[in-house]
Amino acid sequence: MTGRRCFRIAAGGSLMLALTLLGAGSPADRSQEGNAPVTSLKVGDPAPDFTLPDQNNRPVRLSDFKGKKNVVLAFYVLAFTGG
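Heads up: the sequence shown is residues 121 to 203, going by our numbering.
For the record, the hints were derived by calculation from the structure and aren't laboratory data.
Here the structure is a predicted model, which means the values were calculated and not measured.
Certain hints may be false.
Unchecked claim - Straight-line alpha carbon distances no greater than 20 Å define the calculated DMTMM-like cross-link-like pairs of lysine to aspartate or glutamate that follow:
#1 Lys189 <-> Asp165
#2 Lys189 <-> Asp169
#3 Lys186 <-> Asp165
#4 Lys188 <-> Asp174
#5 Lys186 <-> Asp169
Turn these sequences into a full structure, and let the hints steer you where they fit.
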């Protein structure tokens, strides 16, 4: 192996390791609620009320749509992460 090839392999490995460590984080970092209660749902059960931010970062509750015909949630998990 040439010195240039060794350097490229080492640099690429270091970059991959750094990106992996940056993306790992602890599970506590991902939860804003901390100790949110766990709810078991069965098919046909009504969905529990929850709040999520809209595209303008304003809170929207599921109960805001009570009485409307349909509610659709679309989760784009990796849409804006580059992953």
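Verification of the supplied hints:
no. : hint              : result
1   : Lys189 <-> Asp165 : holds, 17 Å
2   : Lys189 <-> Asp169 : holds, 16 Å
3   : Lys186 <-> Asp165 : holds, 15 Å
4   : Lys188 <-> Asp174 : holds, 18 Å
5   : Lys186 <-> Asp169 : holds, 10 Å
The structure meets every hint from the earlier list without exception.
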